[in-house]
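**Q** Turn these sequences into a full structure, and let the hints steer you where they fit.
Taken in order, these protein sequences are the chains called E and L. Going left to right, the first sequence walks through residues 1 to 105 as our numbering numbers them. Going left to right, the second sequence walks through residues 1 to 453 as our numbering numbers them.
What the hints contain is simulated information worked out from the structure, not anything from laboratory work.
One-sided and incomplete, this derived list gives chain E residues near chain L with beta-carbon spacing under 7 Å: (1) Thr10; (2) Gln12; (3) Met27; (4) Leu30; (5) Asn42; (6) Val43; (7) Gly44; (8) Ser45; (9) Gly46; (10) Thr47; (11) Leu48; (12) Tyr49; (13) Thr50; (14) Arg69.
SDA-like mimics (lysine to any residue), calculated; alpha carbons at most 25 Å apart, straight line: (15) L:Lys187 - E:Thr8; (16) E:Lys59 - L:Asp60; (17) L:Lys122 - L:Ile40; (18) L:Lys379 - L:Glu346; (19) E:Lys59 - L:Glu70; (20) L:Lys325 - L:Trp436; (21) E:Lys32 - E:Phe14; (22) L:Lys255 - L:Gly71; (23) E:Lys34 - L:Thr195; (24) L:Lys370 - L:Leu450; (25) E:Lys70 - L:Ile86; (26) E:Lys70 - L:Asp82; (27) E:Lys34 - L:Ser80; (28) L:Lys297 - L:Glu363; (29) L:Lys123 - L:Ala17; (30) L:Lys122 - E:Ser58; (31) L:Lys122 - L:Lys187; (32) E:Lys70 - L:Pro103; (33) E:Lys34 - L:Lys81; (34) L:Lys449 - L:Leu382; (35) E:Lys32 - L:Glu77; (36) L:Lys255 - L:Thr69; (37) E:Lys59 - L:Ser119; (38) L:Lys81 - E:Leu56; (39) L:Lys256 - E:Arg69; (40) L:Lys81 - E:Cys24.
Cβ coordinates follow ideal geometry from the N, Cα and C atoms, glycine included.
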Amino acid sequence: MPREKFRTLTEQMFYVLLCLNEECCGMDILDKVKTMTGGRVNVGSGTLYTLLEQFLESKMIQETKVEGRKRSYILTEKGKEMLSAEYARIQAQIQDYRAIFREGK
Amino acid sequence: MKDVKYQLETFAFYDKAAIEEKMSKMASKGWLVEKPGNLIWRYRRIQPKDLNITVTYFADASDFDPAPTEGQQIMEEYASKDSWNIAARWGQMQIFYSEEVDPTPIETDAVVQVQNIHSSMKKNMLPTHFFLLALCIFELFFCGWQFNNDPVDFLSSPYSLYMVPMWIFTSLSVLLEIILYYSWYKKARRLADETGAFLNLRTNHAFSWVLLLISLLIILCTAVSSEQWLYGTVIWLVITAIVILFIFGIKWLLKKDGTSRGLNRFITILSAVLLTMGLSTIMMLTILEYNSTEDDKAVGTYDFYGMARNIYNDSLPLVVEDLMKIDTLWTKEADDRETFLLARTECYQRALSPEESPVYGIEYTILDIKWNGIYSFCKDALLNDHFGNNSEDCYLPIDATLWDASEAYRLHWCDAPLNTYLICWENRIVIYEFSWEPTPEQMEIAAQKLNIK
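**A** In structure tokens:
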């Protein structure tokens, strides 16, 4: 059964949204994600374009500036909620992990 | 040395792995794709080098766009940041190349990637294939209707009978492509959702191409089965080629002119429909005109109640003169057609001045049944055939000994006998239509002439 869209965020979705906590243009997101994760996560240019369009359509981000083909975006309240929900999910996973390995000891 | 070359390529639109592999090989030989297409791809000469090639799909693009859309340009700018350069675009497909050893891939999220491909396919290959499949099914139903209406005519006509396997093979080829795509899509979506990996497609389309080639072979075999079909098929192929070239030409000119996608699509489709209808009408009128006046078999023309009709002098196995002494001028025509199941010959002998002649003529249809398994079926179909859906006429059995036949029938209308007889011999059925009531002696002669025992 396919996952419901944005029910959980992939790592790339997560970091793209994280970058947009501050106003940022599409091109800069590619570098920001690399820097933020120490090169661990790479967002492809095609994937980035598609994700930005999907986030716009879902009103998780909004366009703040258009200068020719350079567009800037920022997170909306809905986007922040989705990020928070994902953060909570990851936290829950961490707790479960610790519980298992603490018990294992 | 040529700087451009054209090559036949049979990729499925969504088979990015096969396309990438082939384009990489071509680049290492000094050729970079410049213009992909349905069958013919254009390459331009470059320095041979090892390039990374990637294929992406942009669902919002269209083959009718005069220029890359703003979205495409934005995406290509993002891609250039990771050292990817655009090599070619074809509708929703974009082909990039990079000289870097290990560039960041353009697509890094398998779920998004599969979604993009499916969205592109819904605009590109899938509507065309479903339309073609629907057309094949419609044509097969039409064949079924024709068979139901007049099964003997259907089984004796190469054009009708051989079209059935042609449409079957074509529909199987199209259906196979659709099934292959959805099979890949289902697996790719599941794999992307569950593991985040992208399922590369490496299909072999040889089988669906073989099915399509068989269909074309059937058309060619049907075409050469008679001169008339050959001319008809050639004309049909020429019309198809003209329409296809015209569509591509119009689309290209409108794109070059900067016409918007919607208007380009509308004008192109409308032009194609009008041109097809126009050419088909001209073709039909030309054929009708040719048949009525310029027939090679005709030896002259005569006036038939104010209309010019052709005079023929074909050799007939049975003529009125075999049955009686009569002095008048005739036109004699034989028309035959044949399949591996049935051979059908329709013969006509008519007086040129029927109002002056006491006997108008004779018509008869000879059916040679090549496979005994359909003999009863053909006989029953002929016996059950009604003239103009008039259910008051029917064949009633008569004494077959006069005809030296196994069975004989005479057509009646409202219980009144007509001068039409259906005679059954081994592997041959003949329908005689006399313009007078034949005597027993004349029936014997008519039987001797057409009985093949």
